[in-house]
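Chemist: Chain residues, written in single-letter form:
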Amino acid sequence: MQRDEFEIRALEHMESVYRMALQLTRHADEASDLVQETYLKALRASGSFEEQGGGIRPWLFKILHNAFYTKIAKARRGPIAVEAFHGEESSEQRPDEPRPAYDLGSLDWDHVDGRLKAAIDALSPEYREVLLLWGVEGMKYREIALIMEVPIGTIMSRLHRARAILAQQLSSLAGEVGFRPDGEQTLADGGTGSGDPE
Amino acid sequence: MKLKNGTDMESMSRENLIQRAADGELTTPQEVAAFERHLAEIPADGAVVEDIRQLREAVARVMGGEVAVPADLRERIVRALELVEVGVEADAVIGRVDAAVETRQQRRWLVPSGFAAGILLLVGAAFLISLMTKNVIDPNLVGGTGNANTSREIPGPAEWLHTNLSDASGRLHDELGAEYGVATSLQEHDLNFLGMKLDVEMFGSFALHYASSTEDTSEATHWILQLNGVEFGVPVNEMTEGVAYLIENEADSPLNGCLSWRTGEIVHFFRCAAGGAQEIDQMEVLARTLGMPAGEVVKMP
Chain A
0 MQRDEFEIRA
10 LEHMESVYRM
20 ALQLTRHADE
30 ASDLVQETYL
40 KALRASGSFE
50 EQGGGIRPWL
60 FKILHNAFYT
70 KIAKARRGPI
80 AVEAFHGEES
90 SEQRPDEPRP
100 AYDLGSLDWD
110 HVDGRLKAAI
120 DALSPEYREV
130 LLLWGVEGMK
140 YREIALIMEV
150 PIGTIMSRLH
160 RARAILAQQL
170 SSLAGEVGFR
180 PDGEQTLADG
190 GTGSGDPE
Chain B
2 MKLKNGTDME
12 SMSRENLIQR
22 AADGELTTPQ
32 EVAAFERHLA
42 EIPADGAVVE
52 DIRQLREAVA
62 RVMGGEVAVP
72 ADLRERIVRA
82 LELVEVGVEA
92 DAVIGRVDAA
102 VETRQQRRWL
112 VPSGFAAGIL
122 LLVGAAFLIS
132 LMTKNVIDPN
142 LVGGTGNANT
152 SREIPGPAEW
162 LHTNLSDASG
172 RLHDELGAEY
182 GVATSLQEHD
192 LNFLGMKLDV
202 EMFGSFALHY
212 ASSTEDTSEA
222 THWILQLNGV
232 EFGVPVNEMT
242 EGVAYLIENE
252 ADSPLNGCLS
262 WRTGEIVHFF
272 RCAAGGAQEI
282 DQMEVLARTL
292 GMPAGEVVKM
302 P
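Chains as they are written, first to last, in the numbering used here: chain A, 0 to 197; chain B, 2 to 302.
If you're looking for bench data, these hints aren't it; they were derived computationally from the structure. Take these hints with a grain of salt, some might be off.
Residues from chain A shown here face chain B by an in silico Cβ test under 7 Å; the list is partial [said to hold, decoys possible]:
1. 17
2. 39
3. 48
4. 112
5. 115
6. 116
7. 131
8. 134
In this text, all values refer to a predicted model and were calculated from it rather than measured experimentally. Each residue gets a CB set at the ideal place from its N, CA and C atoms; glycine is no exception.
Input sequences plus hints: build the corresponding full structure.
Modeler: Right under this line is the structure:
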């Protein structure tokens with residue numbers, strides 16, 4: 000891929016790449032440097048880029064992901080597993096574990112956006128990254144798995160776990176709010192919801 | 002049937018099915034049919050799917066709004082990509098980015114010691130002694146001495162380059178203050194600025210506040226460097242801060258083709274070699290001295 004073509008195709012996604020970089024680094028300057036590094040590495044590797052569906056964007060995110068964790072490893076003067084960096088325990092939860100009891104249907108979403116953002120920010124980075132790739136970037140399991148270089152099952156597990164954490168926090172909010180504009184019954188009022196079939 | 006961890010297999014596959022349905026990941030007609038059969042058995046799970054979809058929409062709404070991308074980021078990236086195209090390896094450019102970040106965080110350019118000043122001037126004189134026959138400042142600049150012909154801004158990648166050269170020059174100043182051997186090594190060789198992989202035949206930098214530089218009070222923002230009896234005027238004002246100029250003096254000026262800029266109280270000069278790569282051993286010396294990686298030589302854009 001020639002540079003001109005690369006620029007056209009890749010820079011189109013700069014805002015979403017920067018958004019993710021900002022989520023990973025949580026620092027504007029570091030995010031800018033990470034994005035620049037991502038594009039330089041991408042240009043260098045553009046000859047080997049193969050369209051796998053979804054265009055160039057998942058590939059850019061993959062390079063971004065790797066660049067970020069490479070920096071982390073370098074900063075710690077040695078290789079480090081993603082899980083170790085995040086202090087994750089070995090027990091990755093499977094997507095098939097029972098759902099937590101929650102009832103998001105009872106929520107008035109206008110009241111929860113702030114709490115939801117705080118809850119997402121509080122997620123550990125590997126959960127947050129999966130959640131954002133899924134929720135914000137609208138990516139498929141396959142694309143997220145490509146980016147993070149883990150099996151699709153792991154992506155489903157992390158996504159499931161991230162959603163469960165959020166649902167738990169939002170359910171408690173529903174209990175606090177205790178009402179819904181359309182007058183439907185909520186958890187606080189004794190509503191059962193549909194969350195847990197177990 | 003129970004799995005090792007006690008999970009019921011039927012439950013496992015049901016949860017998997019619901020999650021993939023909610024995420025739009027059912028890819029075959031068989032999977033879609035299986036999910037429809039499941040909903041017929043447990044209609045309440047339709048609400049679970051809806052919950053997940055609502056959550057996805059909420060995540061997109063809350064986290065996916067416009068983000069304030071730094072105004073200069075696109076330009077930075079395009080400049081860096083241009084450098085890669087002209088032959089600078091991406092790793093080297095990335096290395097410069099890292100160096101720039103590090104320098105931003107730990108900038109300490111000016112070594113406040115007489116020893117450093119003396120060494121600095123020795124180095125500077127070695128680079129410029131044969132070149133300083135005329136003033137080189139654009140007469141159009143505030144404080145210019147008035148006898149140069151033209152100067153102009155260097156567009157494009159040069160701006161990026163001189164920023165990084167300034168960073169490297171700052172490190173050089175630090176090293177000069179710390180170790181005399183560094184200075185002597187540099188004096189023995191043409192400066193071919195390896196860090197930027199530029200084929201540079203001359204490079205020098207001067208700190209204005211060192212003893213040999215004096216402020217010309219007749220012109221408010223004008224400093225005079227005295228090099229081997231030749232005065233060299235430097236305008237110091239906001240107009241010239243961080244702006245690179247290509248020196249185009251009278252036809253026989255040895256300074257023609259030099260790029261000059263000032264950052265703070267340090268004035269920088271360099272000129273690309275007219276021909277070919279320099280000796281590799283010189284590159285290695287500079288790479289060691291400046292702590293920069295060796296690589297291919299490219300011409301100044």
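Chemist: Checking against the hints above, which ones are violated?
Modeler: 3
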